[in-house]
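K.L.:
First to last, the sequence lines map onto chains A and Y. Each residue of the first sequence is one higher than the one before, counting from 1 in our numbering. Each residue of the second sequence is one higher than the one before, counting from 1 in our numbering.
Quick caveat, the hints were computed from the structure, so don't treat them as lab data. A few of these clues could be false.
[To be verified] Below, simulated DSS-like cross-link-like pairs (lysine-lysine); rule was C-alpha separation at most 30 Å, straight line:
id: 1; chain 1: A; residue 1: Lys-88; chain 2: A; residue 2: Lys-57
id: 2; chain 1: Y; residue 1: Lys-115; chain 2: A; residue 2: Lys-202
id: 3; chain 1: Y; residue 1: Lys-115; chain 2: Y; residue 2: Lys-79
id: 4; chain 1: A; residue 1: Lys-202; chain 2: Y; residue 2: Lys-79
id: 5; chain 1: A; residue 1: Lys-74; chain 2: A; residue 2: Lys-88
id: 6; chain 1: A; residue 1: Lys-48; chain 2: A; residue 2: Lys-73
id: 7; chain 1: A; residue 1: Lys-57; chain 2: A; residue 2: Lys-144
id: 8; chain 1: A; residue 1: Lys-144; chain 2: A; residue 2: Lys-202
id: 9; chain 1: Y; residue 1: Lys-208; chain 2: A; residue 2: Lys-202
For reference, the chains in residue letters:
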Amino acid sequence: MISRLEHFLREIACGLRRSMGSHLAPVVLIAVALFIMGLFFAATRNMKELIHLAHGKVGITVYLSDGATEEEKKALSEMLPRLGGVRKAAYLSEDEALRRFEEELGTRSYLLEGVDENPLPASFEVDVYDDWKTADRMAELADKLRAVPGVESVVYGESWVGRLERWIYFVVALDLFLGIVLGLSTLLVVGNTMKLALEGRKDTVEVLRLVGGSRFQIRLPFVVEGAIIGLLSSTLAFAILYRTWRFAAARLSGVLFLDLPGTVLFFALGASLGGCGALLSINRYLRVKRG
Amino acid sequence: MISFRNVSKSYGQNVAVRDLSFHIERGEFIVLIGASGAGKTTVLQLLHHEIFPTSGVVTVGEYSSDTIRTSAIARLRRKLGFVHQDFRLIRDRSVFENVAIAMRVVGTPRRVIGKRVKEVLAEVGLLRRARDRVAELSGGEQQRVAIARALVNRPYILLADEPTGNLDPDTAAEIYALLDRANLGGTAVLLATHDRELIRRSKHRVLKLAEGMLVPGDFSAGAIRGDEGVRTGF
Ligand SMILES: Nc1ncnc2c1ncn2[C@@H]1O[C@H](COP(=O)(O)OP(=O)(O)OP(=O)(O)O)[C@@H](O)[C@H]1O
Ligand SMILES: [Mg+2]
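Please take these sequences and the hints and turn them into a complete structure.
P.N.:
Following this line, the structure appears as structure tokens:
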């Protein structure tokens, strides 16, 4: 067992020694591919954040009729949180509505002079979960609320929500499409690059086959070597990505970098792409031969 | 120990080996001769299970080409030694490493490896070069490394495919002497060659291939010199 482990370590070390020398190219090449992948990751994250921000502005306002009784208000305030999709509902009395309106008017609050009776109705401001912020579900929710006694009208910006929804669909689809295209082309680059690395190790592979190395013994060192190359590449790509982000963030506030899970995913992606690329290229090489 | 039973191997229309049957006994030394393209390499590859018969069965010890599982091929190869004309060494590693790799693959303990590798290197006269990189060795020395690697696990049989093809006559004779010595130690040897000089001096059983078929008759040196006449069969 120890000796077998030693076999692997030795093979990996030998492979890497060569990689360091004549195979610096794979690391750089894969790093470029990963860098583009990383840009895409960061863009996706920023886009998600934008969607989140846009969603934050989507909410339902339930205006109460002037004649709404206290019982009706109470019933509504108890019913709202139990309604599917509602995250929370806040009551806004006539007076509070007026005060807020004055605040919004700011210096132009003189407009309200001469209005001696508060024209604003009381309302509930309903906050909805993000996944309920689709045109269909919002309309359904609004219809439900319109039927409740004491409710005058329900407003949620129908056209807005519909447009936002279409936009999100488009962006998510584009993101997915780009992700797949990028992922596949990165795998292709890595596969081809590892083929070059394999070229320099063919003699070892041939010798291992000759002396009866198992499938595992022949492949593992190469796969680990690929994973390490991938990891080095992601480190390089990450460093460049970070610099790029610093550059962008200095000019454009609010641009986000990869978050922690994204970062972990990025390195894991580098390692597994390297390993898979190596496995693909060695399998293609060995496929013609049995054993 | 080793047998070919009605073995044929074709590549499309091209038939490399045709209905071949023979046995090799434990400890035997067999010289395989025949013109270029006669099928010598194909026979060795079949034995090594690098290729599989189109029909017929190749048996090596407990392994048979018709039933062997892919995972067992590696185990079988650990019991065979194979020497190629082009050596097949890892040029940028040391002589020691090149021999030791065959034992590491089997999982031999480190101390045993150290001892045994030195032993075989001494047998092929390369103990003093153990630390040198293979690339620094002459052709004859490289072939001796390959032989040491083939012998290090004490194989059933040593397969040699024109091991002297790239070497000058004197060096070839040295290599041949090494194969003889391994055979005296109990290892069966199957040597494919068209080195006439070598065949002329050999006292071993000779099989002759022509167009993938065994040519009936005795082609051993003695027989060819005419003092025993031509015997048929084996
Ligand atoms: N992979 C292959 N694909 C197609 N034909 C092949 C293949 N390998 C061998 N052959 C054919 O099989 C026949 C026997 O080849 P083989 O290599 O066994 O001959 P050989 O006796 O070793 O010749 P040489 O002395 O030149 O090495 C030849 O006609 C050859 O062209
Ligand atoms: Mg040949």
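K.L.:
All the hints need checking, so say for each whether the structure fits it.
P.N.:
Hints, one by one, checked against the model:
A hinted pair counts as satisfied when its Cα atoms are at most 30 Å apart, and A:Lys-88 with A:Lys-57 qualifies at roughly 14 Å. For a cut-off of 30 Å, the pair hint linking Y:Lys-115 to A:Lys-202 stands: about 28 Å separates their Cα positions. A C-alpha spacing of about 19 Å is found between Y:Lys-115 and Y:Lys-79, which places the hinted pair at or below 30 Å, so the restraint holds. With a C-alpha separation of about 23 Å, the suggested pairing of A:Lys-202 with Y:Lys-79 holds against the 30 Å cut-off.
Taking the CA atoms of A:Lys-74 and A:Lys-88, the gap is near 15 Å; set against the 30 Å cutoff, the hint holds. Taking the CA atoms of A:Lys-48 and A:Lys-73, the gap is about 37 Å. The hint is violated against a cut of 30 Å. A distance of roughly 21 Å separates the Cα atoms of A:Lys-57 and A:Lys-144; the hinted pair therefore holds under the 30 Å criterion. Between A:Lys-144 and A:Lys-202 the alpha-carbon distance is near 70 Å, which puts this suggested pair outside the 30 Å criterion.
As the CA atoms of Y:Lys-208 and A:Lys-202 are separated by approximately 34 Å, the hinted pair breaks the 30 Å bound.
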